[in-house]
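Participant: Based on the hints, put chain H in the right spot on chain G.
Protein chains: 2
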Amino acid sequence: MNDVCRYIDDHGKESVEELFDLVRMPSVSARRQAIQETAEHLAEKLQDLGFETRIMPKRGTGQPVLYAEAPGDSERTILVYNHYDVQPDEPLDEWETEPFEPTRRDGRIYGRGICDDKGNVMARIAALRAIKETRGSLPSRIKFLIEGDEEIGSPFFEEFVDDNRDLLKADACLWEGSGVDPEGRPLLPLGVKGLLYVELSCRTVARDVHSSYATVVPNPAWRLTWALSTMKDEDENILIDGFYDDVRDTTDAEADAIDRMPAEEEAFAKSLELERFVLGVKGKDFRKRLYLAPSCNIDGLTAGYQGPGSKTISPGRASAKLDFRLVPDQDPHDIERKLRRHLEKHGFEDIQVETFGAEHPARTSLDKEWVAIVRDTLSSVYGKETVVVPTMAGTGPMYPVVKMLGVPTADTGVGYIDSRIHAPNENIREEDFMMGIKAAAAVFDAFGRWKG
Amino acid sequence: MNDVCRYIDDHGKESVEELFDLVRMPSVSARRQAIQETAEHLAEKLQDLGFETRIMPKRGTGQPVLYAEAPGDSERTILVYNHYDVQPDEPLDEWETEPFEPTRRDGRIYGRGICDDKGNVMARIAALRAIKETRGSLPSRIKFLIEGDEEIGSPFFEEFVDDNRDLLKADACLWEGSGVDPEGRPLLPLGVKGLLYVELSCRTVARDVHSSYATVVPNPAWRLTWALSTMKDEDENILIDGFYDDVRDTTDAEADAIDRMPAEEEAFAKSLELERFVLGVKGKDFRKRLYLAPSCNIDGLTAGYQGPGSKTISPGRASAKLDFRLVPDQDPHDIERKLRRHLEKHGFEDIQVETFGAEHPARTSLDKEWVAIVRDTLSSVYGKETVVVPTMAGTGPMYPVVKMLGVPTADTGVGYIDSRIHAPNENIREEDFMMGIKAAAAVFDAFGRWKG
Numbered sequence: 000m001n002d003v004c005r006y007i008d009d010h011g012k013e014s015v016e017e018l019f020d021l022v023r024m025p026s027v028s029a030r031r032q033a034i035q036e037t038a039e040h041l042a043e044k045l046q047d048l049g050f051e052t053r054i055m056p057k058r059g060t061g062q063p064v065l066y067a068e069a070p071g072d073s074e075r076t077i078l079v080y081n082h083y084d085v086q087p088d089e090p091l092d093e094w095e096t097e098p099f100e101p102t103r104r105d106g107r108i109y110g111r112g113i114c115d116d117k118g119n120v121m122a123r124i125a126a127l128r129a130i131k132e133t134r135g136s137l138p139s140r141i142k143f144l145i146e147g148d149e150e151i152g153s154p155f156f157e158e159f160v161d162d163n164r165d166l167l168k169a170d171a172c173l174w175e176g177s178g179v180d181p182e183g184r185p186l187l188p189l190g191v192k193g194l195l196y197v198e199l200s201c202r203t204v205a206r207d208v209h210s211s212y213a214t215v216v217p218n219p220a221w222r223l224t225w226a227l228s229t230m231k232d233e234d235e236n237i238l239i240d241g242f243y244d245d246v247r248d249t250t251d252a253e254a255d256a257i258d259r260m261p262a263e264e265e266a267f268a269k270s271l272e273l274e275r276f277v278l279g280v281k282g283k284d285f286r287k288r289l290y291l292a293p294s295c296n297i298d299g300l301t302a303g304y305q306g307p308g309s310k311t312i313s314p315g316r317a318s319a320k321l322d323f324r325l326v327p328d329q330d331p332h333d334i335e336r337k338l339r340r341h342l343e344k345h346g347f348e349d350i351q352v353e354t355f356g357a358e359h360p361a362r363t364s365l366d367k368e369w370v371a372i373v374r375d376t377l378s379s380v381y382g383k384e385t386v387v388v389p390t391m392a393g394t395g396p397m398y399p400v401v402k403m404l405g406v407p408t409a410d411t412g413v414g415y416i417d418s419r420i421h422a423p424n425e426n427i428r429e430e431d432f433m434m435g436i437k438a439a440a441a442v443f444d445a446f447g448r449w450k451g
Numbered sequence: 000m001n002d003v004c005r006y007i008d009d010h011g012k013e014s015v016e017e018l019f020d021l022v023r024m025p026s027v028s029a030r031r032q033a034i035q036e037t038a039e040h041l042a043e044k045l046q047d048l049g050f051e052t053r054i055m056p057k058r059g060t061g062q063p064v065l066y067a068e069a070p071g072d073s074e075r076t077i078l079v080y081n082h083y084d085v086q087p088d089e090p091l092d093e094w095e096t097e098p099f100e101p102t103r104r105d106g107r108i109y110g111r112g113i114c115d116d117k118g119n120v121m122a123r124i125a126a127l128r129a130i131k132e133t134r135g136s137l138p139s140r141i142k143f144l145i146e147g148d149e150e151i152g153s154p155f156f157e158e159f160v161d162d163n164r165d166l167l168k169a170d171a172c173l174w175e176g177s178g179v180d181p182e183g184r185p186l187l188p189l190g191v192k193g194l195l196y197v198e199l200s201c202r203t204v205a206r207d208v209h210s211s212y213a214t215v216v217p218n219p220a221w222r223l224t225w226a227l228s229t230m231k232d233e234d235e236n237i238l239i240d241g242f243y244d245d246v247r248d249t250t251d252a253e254a255d256a257i258d259r260m261p262a263e264e265e266a267f268a269k270s271l272e273l274e275r276f277v278l279g280v281k282g283k284d285f286r287k288r289l290y291l292a293p294s295c296n297i298d299g300l301t302a303g304y305q306g307p308g309s310k311t312i313s314p315g316r317a318s319a320k321l322d323f324r325l326v327p328d329q330d331p332h333d334i335e336r337k338l339r340r341h342l343e344k345h346g347f348e349d350i351q352v353e354t355f356g357a358e359h360p361a362r363t364s365l366d367k368e369w370v371a372i373v374r375d376t377l378s379s380v381y382g383k384e385t386v387v388v389p390t391m392a393g394t395g396p397m398y399p400v401v402k403m404l405g406v407p408t409a410d411t412g413v414g415y416i417d418s419r420i421h422a423p424n425e426n427i428r429e430e431d432f433m434m435g436i437k438a439a440a441a442v443f444d445a446f447g448r449w450k451g
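Protein chains in written order, with numbering that gives the first Met the number 0: chain G, 0 to 451; chain H, 0 to 451.
Some hints could be false.
Stretches of chain H that chain G covers, calculated by requiring three or more beta carbons in the stretch to come under 8 Å of a beta carbon on chain G [to be verified]: (1) 206 to 217; (2) 317 to 325; (3) 365 to 371.
Here are the in silico distance ranges between beta carbons for each label pair [to be verified]: (4) G306/H - K281/G: 34 to 44 Å; (5) E353/H - E17/G: 40 to 50 Å; (6) I416/H - D284/G: 57 to 67 Å; (7) T354/G - R340/H: 34 to 44 Å; (8) E353/G - G11/H: 30 to 40 Å; (9) Q351/H - R339/G: 26 to 36 Å; (10) P307/G - G11/H: 32 to 42 Å; (11) T354/G - D232/H: 28 to 38 Å; (12) P261/H - E353/G: 47 to 57 Å; (13) K281/G - D349/H: 40 to 50 Å; (14) R30/G - P261/H: 26 to 36 Å; (15) K281/G - E353/H: 29 to 39 Å; (16) G183/H - E93/G: 53 to 63 Å; (17) D284/G - E353/H: 27 to 37 Å.
These stretches of chain G come out as covered by chain H in the derived footprint (C-beta under 8 Å, 3 or more residues) [to be verified]: (18) 215 to 228; (19) 316 to 326; (20) 396 to 410.
Think of the hints as simulated: they come from the structure by calculation, not from any bench. Treat the numbers as computed from the prediction; the structure is a model and nothing was measured. Where a beta carbon is used, it is the ideal one built from N, C-alpha and C, also for glycine.
For reference, chain G alone in the conformation it holds in the complex (with noise of 0.2 Å):
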């Protein structure tokens, strides 16, 4: 692989300029936006390198898929999972640069999804360029999924997957993108959590009130206020009925897994200028909250007066965005009936419930040989110890492959513990965006060679 690295090394810059190019692609699938283009762009710089690709649509109101397919030196399948859409920029106050305006400062580089998720696509475009202008040929046969909506939870992926079968087939995947942990040793996450995304709304009367008539008019933000109190307390239990039914004990693999992860909460503390971490969680307990329980979190609230000083009235719509992240065997469509059956049994039949996202839960076995393949390839590259994780805490719609397709998905990535994936300043470090091209190659290397 040294070829391989030298020419990676040698057009560093280049690299970083394409990373450039598709940040400024303003691809906020949120609000639908500029994302023809950026699937345009990206089948392009596919094509360059004899990629055949094909803009596909989903049903629904998917938002399309970019696939590609090249042959290889081994007539085996890797498919290789990322996503061309990015969240929306908001609060744009809190960015230090244009959100869609890649900038370099301190060695870092910022942009809204340079870190999640065209820093790791990049990364490994560049990577197999690497390959191919050195060795004149792809390792093995190279599928790419270019998901356009996997940050409003991936609408109708799973029945895209369905409807596409054969053409999806594969050995092994590679996930989205991961990154490396504080002490620069490379994360090798194993599967994702569930998520049900819903807003809650509520609407007592046909316009605002003057707050006067507090006394008698039924206020929808008292309203919302109530049913989400009964859903959480504040020792953080979920109380929705039967909610942790089906959350799957830990195996003994994962829980020492879990274990041998480095303690990364202080750092992440450091960056938040958080003192104590919910129920003052710490070490392994932070990792297994973070990594194995699954959430009732409050996205954002919204009712009546917003601006500057006071304005009395009471509003005639409040609204709550929710997202429950959830881990094995939870179904997103269970959580929600009981979410409604929830509302109905506590008296909240005033609160609406709308679904915006429905995504499973997913796990790749920790004996897998494809996870012994990346793992250890992973640890040659950085030269040092592969930190395995049994589960990333965020979702992917790696449902789908690992259940449908029965592919074993491992991820690798150019992340790292402050790159505010989803936040103002979202940024990687360019020493790891150089890295992630590295592991790259070496991955599709090693499962170019992989006679399995």
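Facilitator: Positioned in the frame of chain G, the structure of chain H alone reads:
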């Protein structure tokens, strides 16, 4: 008064145009917008009637008061309280016409502040013009006190009155403006509720965080939800320790007046498209809650992502705007202390309290002679029995006048049940405006003849 009424009828068009000119001035006190020019505009109007005017600063952050005084036939003095500022115009998309471009439609005239309080101040000016043009003089000494920040809780008004006790000395006061009930009977309110307006806010971390960390990072929207739910229960009981301690018992005269007030809740419910008021109250119980009960209202909620679709974050900050309407003898400063103690006692030291406004409740006793004079005058002008209202549901800075100056205070005006004050599409009926001018003229005239 026939000559005066004829003059009023003959000059109706000019009076409405003059009101429109005032409504076009966007004097939103919460934004300190168009304050000085609106005060000057009104000062010119009063100078034309022979008033000496002064635009007087308040202490601290207070916005200027327009004071105007003119002598008349009687040496006794009536104080007229109004305000020239208005509520913010948001939510803009619910207005059918521009808030600051007054519009006629089906006998109604629309615009922000057209009822609260610009229609009332212009009705009084039109009334005095009619008297002066018809008779050559005003009926008594008249002092106008027109505030510029009533809609943000009249900051420093108590201090202003205290600093100007001699200047403001009077024998009776005409308050800012009431209206007619659904049967067209004139309403005569004699008191106001107090107000405490606060913003509760919580910042747990320095920035928004990806919601996959929701299991470990404290969420300020949950903290706020839990804190609010300790403050009022679903049966509308306010749970702050000692909140009800100083609520004075209702007198027999007040209870009798409330009993005799007309049912108003059906028309109001219809205008709100509402089926059931809080706790299902109707009739006398509705009026008892509306006029005599204190409240704890959520005016607004803000946290995290509020745009379209989904964004998966745990927000860094959450806030709620709240107002408490208070009844005699609750003290807003005492309630603020009790609120802070409540939050502390329930473990919510992480919730900040910022106070935006504090006003005392006040009532003029039903047995004052001035009450009888205004009541009888209104009955005669409207040809219908006057409805005496022991207190309004709303708030105004009546306490310094009633308590500090010791002046009996009564209220007449141009509004009606669907005037939508503080809400989109604020409006008055043109006929109510004309009747309001005549009623104001008759009240000024009756005051001039009162020997009391």
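Participant: Name the hints, by number, that the structure is in violation of.
Facilitator: 3, 8, 12, 13, 14 and 20
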